[in-house]
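From first to last, the protein sequence lines are chains A and B. For the first sequence, this note's numbering assigns the number 368 to the initial residue and increments by one for each residue that follows. For the second sequence, this note's numbering assigns the number 368 to the initial residue and increments by one for each residue that follows.
Don't read these hints as lab results, they were simulated from the structure. Only a predicted model underlies this, so the values are computations on that prediction, with no experimental measurement involved. Some hints here could point you the wrong way.
[Unchecked claim] With a straight-line Cα cutoff of 30 Å, these simulated BS3-like cross-link-like pairs (lysine-lysine) come out:
#  : chain 1 : residue 1 : chain 2 : residue 2
1  : B       : Lys424    : A       : Lys461
2  : B       : Lys561    : A       : Lys561
3  : A       : Lys557    : B       : Lys461
4  : B       : Lys514    : A       : Lys561
5  : B       : Lys514    : A       : Lys557
6  : B       : Lys561    : A       : Lys424
7  : A       : Lys424    : A       : Lys558
8  : A       : Lys514    : B       : Lys424
9  : A       : Lys424    : B       : Lys514
10 : B       : Lys461    : A       : Lys461
11 : A       : Lys461    : A       : Lys424
12 : A       : Lys558    : B       : Lys461
13 : A       : Lys561    : B       : Lys424
[Said to hold, decoys possible] Some residues of chain B that are not near chain A, with every Cβ distance over 12 Å (derived):
#  : residue
14 : Leu370
15 : Thr378
16 : Asn382
17 : Ser386
18 : Ala423
19 : Pro435
20 : Ala439
21 : Thr463
22 : Gly528
23 : Gln537
We put the CB at the ideal spot given by N, CA and C, even for glycine.
Number of protein chains: 2
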Amino acid sequence: MTLTDLIQTRTSASNYDSSHQMSAAEIGELVALATQAPSAFNLQNWTFIAVHSDEAKARLLPLAFGQPKVVAAAVTFIICGTLAPHLTVSAALKPTLDAGIIDPTIYNGWVGAVQTMYRDNPSFQRDEAIRSASLAAMTLMLAAQDKGLVSCPMIGFNQAGVAEAFGLTQTEVPVMLVTVGRPGPGNWPKKPRKQISEVLTFA
Amino acid sequence: MTLTDLIQTRTSASNYDSSHQMSAAEIGELVALATQAPSAFNLQNWTFIAVHSDEAKARLLPLAFGQPKVVAAAVTFIICGTLAPHLTVSAALKPTLDAGIIDPTIYNGWVGAVQTMYRDNPSFQRDEAIRSASLAAMTLMLAAQDKGLVSCPMIGFNQAGVAEAFGLTQTEVPVMLVTVGRPGPGNWPKKPRKQISEVLTFA
Chain A
368 MTLTDLIQTR
378 TSASNYDSSH
388 QMSAAEIGEL
398 VALATQAPSA
408 FNLQNWTFIA
418 VHSDEAKARL
428 LPLAFGQPKV
438 VAAAVTFIIC
448 GTLAPHLTVS
458 AALKPTLDAG
468 IIDPTIYNGW
478 VGAVQTMYRD
488 NPSFQRDEAI
498 RSASLAAMTL
508 MLAAQDKGLV
518 SCPMIGFNQA
528 GVAEAFGLTQ
538 TEVPVMLVTV
548 GRPGPGNWPK
558 KPRKQISEVL
568 TFA
Chain B
368 MTLTDLIQTR
378 TSASNYDSSH
388 QMSAAEIGEL
398 VALATQAPSA
408 FNLQNWTFIA
418 VHSDEAKARL
428 LPLAFGQPKV
438 VAAAVTFIIC
448 GTLAPHLTVS
458 AALKPTLDAG
468 IIDPTIYNGW
478 VGAVQTMYRD
488 NPSFQRDEAI
498 RSASLAAMTL
508 MLAAQDKGLV
518 SCPMIGFNQA
528 GVAEAFGLTQ
538 TEVPVMLVTV
548 GRPGPGNWPK
558 KPRKQISEVL
568 TFA
């Protein structure tokens with residue numbers, strides 16, 4: 368399938384084949400593709416928890432307000448964005464420096480810029496966490512579609528409860544749940560989109 | 368190219384062929400694909416401003432802190448997420464109801480849920496604006512890559528200045544700039560990513 372077909376045919380699926388399981392390797396392959404998404408200063412300020420055991424699915428279910436897809440889908444990803452990039456940028460960028468892609472001047476410049484932009488700006492830290500996690504989430508959903516799977520992004524969940532139940536750190540913001548698996552029967556067709564003229568202007 | 372190849376080869380490009388221009392139809396096609404991204408309750412809480420005229424590029428340049436790519440690239444999208452979904456959900460979901468995809472009970476349930484979740488929660492409104500715009504932005508960047516173009520997401524810009532200079536409404540949050548065009552010489556190769564074991568855990 369072409370990318371255009373993948374984009375056009377992707378829908379948010381509520382119903383899953385509950386007999387389908389995914390291996391750790393299959394799950395890791397999706398995350399490896401998701402992390403090819405861009406992030407500001409290549410911070411890669413994201414983490415993924417793959418909820419796939421029966422026990423963890425049962426733990427997640429009430430925190431997702433009882434939505435059965437988190438149990439029926441092979442895996443539900445808790446996709447987090449991370450805060451406080453001024454504390455992590457030096458390490459995150461080091462491999463890019465070591466690979467010779469950026470030189471020490473740029474490295475130091477970017478590390479300094481991240482201090483200036485984020486350190487005293489918790490709101491911008493949160494924005495960045497949500498941006499980066501969402502870019503990765505979209506890549507993951509398209510990668511799943513390409514493998515013949517379906518997915519659903521979910522924002523209806525108890526964020527504090529998920530953080531507690533799955534041991535998130537203080538700097539991990541659970542941005543989205545994404546279910547992935549084989550489709551079950553009765554999923555909705557693609558929902559209509561607005562006319563382009565309603566959302567696009569030229570300047 | 369397969370989706371995996373597109374994802375693996377996409378890089379954030381700083382250098383563009385400044386002689387390359389894109390037609391309104393080509394720009395519209397990218398946005399049409401971007402808006403196939405999912406959004407909570409199918410709110411489609413995003414807008415796009417395609418900055419492609421010389422005058423508008425000159426207006427954007429200082430607000431993007433002089434980064435030359437916003438002038439050299441064929442187009443720079445100002446991708447906005449929109450706030451206050453409780454005011455727009457009825458209209459946004461109506462075509463989904465009219466198409467018979469959801470019934471009146473679900474329609475009314477979702478409209479009510481959006482009131483409850485967002486109306487008195489400006490922070491969650493902002494989160495949603497950033498999430499939806501970012502999902503659309505990632506789809507747009509991959510669609511550009513599929514057309515042999517390159518792109519770069521940018522968060523280094525004066526948000527208030529862009530809002531003022533491009534006439535954004537009170538409910539439009541400029542989440543990201545995304546340059547799109549043909550590559551110029553000297554772009555960086557793909558920057559290395561963390562090991563999967565650093566970002567993925569299983570539960």
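Here's how the hints hold up against the structure:
For the hint pairing Lys424/B with Lys461/A, the CA-to-CA distance comes to about 34 Å; that exceeds 30 Å, so the pair is violated. At most 30 Å may separate the alpha-carbon atoms for a hinted pair to count; Lys561/B and Lys561/A exceed this at roughly 38 Å. About 14 Å separates the Cα atoms of Lys557/A and Lys461/B, which keeps this hinted pair within 30 Å; it holds. Between Lys514/B and Lys561/A the alpha-carbon distance is near 23 Å, which keeps this suggested pair within the 30 Å criterion.
Of the supplied pair hints, the one linking Lys514/B and Lys557/A holds, its CA atoms being roughly 24 Å apart against a limit of 30 Å. A hinted pair counts as satisfied when its Cα atoms are at most 30 Å apart, and Lys561/B with Lys424/A qualifies at roughly 27 Å. A hinted pair counts as satisfied when its Cα atoms are at most 30 Å apart, and Lys424/A with Lys558/A qualifies at roughly 28 Å. Restraint check for Lys514/A and Lys424/B: the C-alpha separation of about 40 Å exceeds 30 Å, so the hint is violated.
A distance of roughly 40 Å separates the Cα atoms of Lys424/A and Lys514/B; the hinted pair therefore is violated under the 30 Å criterion. For the hint linking Lys461/B to Lys461/A, the alpha-carbon distance of about 50 Å lies beyond 30 Å, and the restraint is violated. At most 30 Å may separate the alpha-carbon atoms for a hinted pair to count; Lys461/A and Lys424/A exceed this at roughly 36 Å. Our distance criterion of 30 Å between C-alpha atoms is met by Lys558/A and Lys461/B, whose separation comes to about 11 Å.
Between Lys561/A and Lys424/B, the direct Cα distance comes to roughly 27 Å. Compliance with the 30 Å bound is thereby established for this hinted pair. At roughly 4 Å, the least C-beta separation between Leu370/B and chain A is not larger than 12 Å, which violates its mark as non-interface. Here Thr378/B does not stay apart from chain A, with its beta-carbon only about 8 Å from theirs, under the 12 Å limit. At roughly 14 Å from the closest C-beta of chain A, the C-beta of Asn382/B stays outside 12 Å, upholding its exclusion from the interface.
Look at Ser386/B: its CB is around 20 Å from the nearest CB on chain A, clear of 12 Å, so calling it non-interface holds up. For Ala423/B, the requirement that its beta carbon stay farther than 12 Å from each beta carbon of chain A is not met, with the minimum near 4 Å. Distance check on Pro435/B: its Cβ is at least 16 Å (rounded) from any Cβ of chain A, clearing the 12 Å threshold; non-interface status holds. Distance check for Ala439/B against chain A: the nearest CB is about 17 Å away, which clears 12 Å, and the non-interface claim stands.
A beta-carbon of chain A is positioned within 12 Å of the beta-carbon of Thr463/B; the least distance is around 5 Å. Chain A leaves Gly528/B outside its interface by the beta-carbon criterion, the shortest separation being 14 Å against a cut-off of 12 Å. The Cβ of Gln537/B lies farther than 12 Å from every Cβ of chain A, with a closest approach of about 17 Å, so its non-interface assignment holds.
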